[in-house]
Amino acid sequence: GNSVTQMEGPVTLSEEAFLTINCTYTATGYPSLFWYVQYPGEGLQLLLKATKADDKGSNKGFEATYRKETTSFHLEKGSVQVSDSAVYFCALANSGNTGKLIFGQGTTLQVKP
Amino acid sequence: NAGVTQTPKFQVLKTGQSMTLQCAQDMNHEYMSWYRQDPGMGLRLIHYSVGAGITDQGEVPNGYNVSRSTTEDFPLRLLSAAPSQTSVYFCASSYSKNTQGGEQFFGPGTRLTVL
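Protein sequences appear in the order of chains P and H.
Just so we're on the same page, my numbering is the position in the first sequence counted from 1, plus 19.
Just so we're on the same page, my numbering is the position in the second sequence counted from 1, plus 673.
These are computed hints drawn from the structure, not numbers from a lab.
Some hints could be false.
Stated by the list, open to error - Short, incomplete list of chain H residues facing chain P, as computed with Cβ under 10 Å: (1) Val677; (2) Thr680; (3) Met705; (4) Gly713; (5) Met714; (6) Gly715; (7) Val723; (8) Glu732; (9) Val733; (10) Arg750; (11) Phe763; (12) Glu776; (13) Phe778.
Quick caveat, the model's predicted, so the values are computed rather than measured.
Even for Gly, the Cβ is constructed at its ideal location relative to N, Cα and C.
All chains, please: the whole structure from these sequences, using the hints.
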């Protein structure tokens, strides 16, 4: 079946450090891929998305490229801030949009001043 | 637009009690879903609906019921609460057409504790 695997956390970085959170997936067809972010005490917000191979999603300095050859969608940011501290979820939607998302387990990021 | 709204925000139940978690959206989305979030397990799909009158089971449906009588509302019912249902519950909605790639919009969540 379809699945998403994220690197385990927590990830602790100093402010202005480079961030990578790995995400790989297993899916049939051509899924869409998402990164959602959850700030403390809040719901999930869409951070970025990519709907086809080689697409790059970007938002708020974060980027991720849909790599079909390696079935990956790694999240990167060049210089993190304390305000980026949150839980990050990688997710996929099956091709054809069935109304369901499959999530990875989430990665907690803590950024220290 | 209010987006996706959920009530209540917090709830404490005793084992065996029943309750309904409310979810509503004002974006005219056809698809609606319920997820539960547990530490280290991400979000898991409980039930989902592709339109009024149509529902289906997700990954973890046992102990929960849903119905979809209108496009806007998608309540989740706990029939007889158990401690294993202690979790944070999220409702989400999305367009049916694949123009957005299946992006879902989430409510703020309901934190449920079952004693």
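Discussion item. Would the hint on Glu732 (chain H) be counted as holding, given a Cβ-Cβ threshold of 10 Å to chain P?
Written reply: 9 Å, holds
Discussion item. Just to be careful: measuring from the Cβ of Met714 (chain H) to every Cβ in chain P, is the smallest value less than 10 Å?
Written reply: 6 Å, holds
Worksheet item: Does the CB of Met705 (chain H) sit less than 10 Å away from some CB of chain P?
Response: 8 Å, holds
Worksheet item: Against chain P, with CB atoms and a cut of 10 Å, does the hint on Arg750 (chain H) hold up?
Response: 20 Å, violated
Discussion item. Val723 (chain H) was flagged as interface toward chain P. Is the shortest Cβ-Cβ separation under 10 Å?
Written reply: 5 Å, holds
Discussion item. Take the shortest C-beta to C-beta distance between Val733 (chain H) and chain P; is it under 10 Å?
Written reply: 12 Å, violated
Fill in: Cut-off 10 Å, beta-carbon criterion: hint that Thr680 (chain H) touches chain P
13 Å, violated
Worksheet item: Hey, does the Phe778 (chain H) contact hint survive, CB to chain P under 10 Å?
Response: Hint holds; Phe778 (chain H) Cβ to chain P Cβ min 8 Å, cut 10 Å.
Fill in: Satisfaction of the Gly715 (chain H) interface hint, Cβ to chain P closer than 10 Å
Holds - the Cβ of Gly715 (chain H) comes within 10 Å of chain P, reaching about 4 Å at its closest.
Practice prompt. With a cut-off of 10 Å on the beta carbons, see whether Glu776 (chain H) makes it to chain P.
Written response: Cβ of Glu776 (chain H) sits 6 Å from chain P, so the hint holds.
Worksheet item: Is the hint on Val677 (chain H) kept, meaning its closest Cβ partner in chain P is under 10 Å away?
Response: 8 Å, holds
Fill in: Given hint Gly713 (chain H) near chain P, where the shortest CB pair must fall under 10 Å
Cβ of Gly713 (chain H) sits 6 Å from chain P, so the hint holds.
Violated hints for the displayed structure, listed by number in ascending order: 2, 9, 10.
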